[in-house]
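One line per chain: the protein sequences are A and B, in this order. Under our numbering, residues 1 to 464 are what the first sequence spells out, in order. Under our numbering, residues 1 to 205 are what the second sequence spells out, in order.
Keep in mind that a hint or two might mislead.
[Stated by the list, open to error] The list that follows gives simulated cross-link-like pairs (lysine-lysine, DSSO-like), each with its CA atoms no further than 27 Å apart:
1. B:Lys46 / A:Lys303
2. A:Lys276 / A:Lys345
3. A:Lys366 / A:Lys25
4. B:Lys46 / B:Lys28
5. A:Lys74 / A:Lys303
6. B:Lys161 / A:Lys74
7. A:Lys345 / A:Lys74
8. B:Lys145 / B:Lys75
9. A:Lys303 / B:Lys18
10. A:Lys168 / B:Lys190
11. B:Lys145 / A:Lys366
12. A:Lys452 / A:Lys8
13. A:Lys303 / A:Lys230
14. A:Lys366 / B:Lys190
15. A:Lys25 / A:Lys74
16. A:Lys8 / A:Lys25
17. B:Lys161 / A:Lys276
18. A:Lys230 / B:Lys145
19. B:Lys69 / B:Lys46
20. A:Lys74 / B:Lys190
21. A:Lys159 / A:Lys390
22. A:Lys399 / A:Lys452
23. B:Lys69 / B:Lys161
24. A:Lys276 / A:Lys8
25. A:Lys391 / A:Lys8
26. B:Lys18 / A:Lys383
27. B:Lys46 / A:Lys159
28. B:Lys18 / A:Lys230
29. A:Lys303 / A:Lys276
30. B:Lys28 / B:Lys190
31. A:Lys303 / B:Lys190
32. A:Lys390 / A:Lys8
33. A:Lys159 / A:Lys8
34. A:Lys345 / A:Lys390
35. A:Lys383 / A:Lys399
36. A:Lys25 / A:Lys159
The hints are simulated quantities; they were obtained by calculation from the structure and are not laboratory data. Predicted, not measured: the structure shown is a model, and the values here were computed from it.
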Amino acid sequence: MNPIDQAKNAEAFLADTTHEDRLDKLLWMMRMRRDAAARLVTEWEELRTLASEIKEHTLSNLAEYLEQFEANAKANGVIVHWATDAHEHNQIVYDILAENRIETLIKSKSMLTEECELRPFLERRNIRVTETDLGERIQQLDDQPPGHIVGPSIHKTTKDVATLFSQKYGSDPNNEDPAYLAGVMRDNTRPDILHATAGMTGANFVVAETGAIVVATNEGNADLSAHTPKLHICSAGIEKIIPTTESLAVFIRLLTRSATGDAITQYTSSFRGPRKGATMHVVLVDNGRSERLGMGRFWHSLKCIRCAACMNTCPVYRRSGGLSYGATYMGPIGIIVMPTFDVRKYSELPFASTLNGSCSNVCPVKIDIHEQIYGWREIMEAKGQIQVVKKAAMRVADKVLSSPELYQVSTTALSTTLDLLPHFAIYNRLNAWGKHRDVPEAALETFHQWYKNHRLKANEVLGL
Amino acid sequence: MSALQSPLRNSILDAVRKNQPPPQPMPKIPRFHATAPDDHVTLFSKGVARMAGVVIADDVGDMDSFLRKRYPDAKVFCSAISEYEGTMRPSSLNHWSEASAIDVCVLRSPMGVAETGSILLSDIELQVHTIAFLAHDLVVLLDPKEIVDNIHSAYEHPYFKSRPYSLLMTGPSGSGDIGGITVHPAQGVKTLTVIFSPSPTSKRT
Chain A
1 MNPIDQAKNA EAFLADTTHE DRLDKLLWMM RMRRDAAARL VTEWEELRTL ASEIKEHTLS
61 NLAEYLEQFE ANAKANGVIV HWATDAHEHN QIVYDILAEN RIETLIKSKS MLTEECELRP
121 FLERRNIRVT ETDLGERIQQ LDDQPPGHIV GPSIHKTTKD VATLFSQKYG SDPNNEDPAY
181 LAGVMRDNTR PDILHATAGM TGANFVVAET GAIVVATNEG NADLSAHTPK LHICSAGIEK
241 IIPTTESLAV FIRLLTRSAT GDAITQYTSS FRGPRKGATM HVVLVDNGRS ERLGMGRFWH
301 SLKCIRCAAC MNTCPVYRRS GGLSYGATYM GPIGIIVMPT FDVRKYSELP FASTLNGSCS
361 NVCPVKIDIH EQIYGWREIM EAKGQIQVVK KAAMRVADKV LSSPELYQVS TTALSTTLDL
421 LPHFAIYNRL NAWGKHRDVP EAALETFHQW YKNHRLKANE VLGL
Chain B
1 MSALQSPLRN SILDAVRKNQ PPPQPMPKIP RFHATAPDDH VTLFSKGVAR MAGVVIADDV
61 GDMDSFLRKR YPDAKVFCSA ISEYEGTMRP SSLNHWSEAS AIDVCVLRSP MGVAETGSIL
121 LSDIELQVHT IAFLAHDLVV LLDPKEIVDN IHSAYEHPYF KSRPYSLLMT GPSGSGDIGG
181 ITVHPAQGVK TLTVIFSPSP TSKRT
């Protein structure tokens, strides 16, 4: 399979400047809301350090905590399953549904079930699946994967949604009021929810000490999915374990503030066991996580709590949209997670970054994201996964940047010749920079020339 | 666990053990008490309002009159508290999906959280869990003395280690999934109103 070409995929998104500009502004607003929320918590940086240390402690003792969770969950009446990979996970879920003669399933948002491609697996087996998260349902109706891990349809405008709902639900295509559109969804989804015989959720946190699954939603749809039917299936990646309820508090304080700038979600729910007459299953999924745990340079990515703060701050993500990554996990965290699933397929993703480090600075669990991105670039180079043009350009850059003399000659020459070069010499397929924007006008003098003309002369006058 | 599950479980745990980094210590988690008890009510009220909920600090008097005036179109008033009868009790629901027919449900929460404006509900207060998200409007009584300072204190509540279902609820359901503009309601309750009301069984002073 050819590698996913994120830059090429982004072209479709960039072609419509309305979407690009809107997404950029919206995500940056979320980043600013996150900053404002963090500033109100005096101990914010201490909480980030604690969260990082708790995750590192848990992951370095993971087997023990998994066994503790299993024992406690079973004692609470939960049926615990283990899945090595995506197929096993899907088969386990299907077997539970088939055993209970379930034909309709409601589910809340779960990136793990996206990762496992559960929905198409079940639909091929005649199980009708209804997503209950508003954004996830929009994406389901539009036959698209999520474009963002917190707001799956965030790349769509209100007009896009109004048009989609009018096609699918017969609502007013000209009414773009989000409250109206949310009402349309509520009215159309409610019958599915009330008549469903099984519900699925993911897990934000899995608490070893109590055997609890903790899920945070604004819509209340995890609770709807878990408790309206009598059968609740929860899928959880093994890295979601945390030791105690005491440690849960640290993560709850960080999660929503990092994601949207709110202090907490509307529904922060703890499911410890089934209600009377009902059944609760938890499927613990590995799917490459245990292998990643052994990757000395990259295991820290398992600390991720899926807040999407790294996406909201990333200039590449904000201007190219989540779908361009062609991956379950997108943005900076996707760049460092997806190659662990398939090095070849996702070999181009580590280059979808400016390496500005903003992602690492906002990460609530202090994952060294930009350093891991750089690490993955080195791996792609070592594995021969870099495209010829990119490789040639990097070789030239390496030579120029490692020699001060060559650098000065090159920048001086470029600043004088840019104005003289014909259009085709600047804007061609070798110049990715010029694809969607004008190359900036060259300054009249390079920094070195300016320094020589101003500061050095001034220093001479002052006798320095 | 089925016969097929045991080898899967063991192979995953073996792979985890083989690849685990060297053990790292668990940090000590401070309690971060940031606010004095006098501030709790103010902070809590601000937190509820921030999340589109409503706080009523004054005595509402007769509950039936108050509710009928506040929700003039409502017909089904469910009561999960002893001091108010309503038109039905949670126990009269045959199927949990029937909670969607409830217009207004009145409950009592055992705890509020100043930091976030959250209230705690569990299977004890709800009796029927679906009331927390299928009922249209929730009215929650809360003793102001039961408001704790922050999320660290909140998770010390025994419910989180003993109840099958515990919920920190903060305002009515909402969503920002369309155009990034937050609207209420989403799939869950349409409104959440908290009434400060001393509990006769309060243990806190």
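Next item on the list: Provide an ascending list of the numbers of those earlier hints which the structure does not satisfy.
Entry: Hints 1, 2, 4, 7, 8, 11, 12, 13, 14, 15, 18, 20, 21, 23, 24, 27, 28, 29, 30 and 31 contradicted; others consistent.
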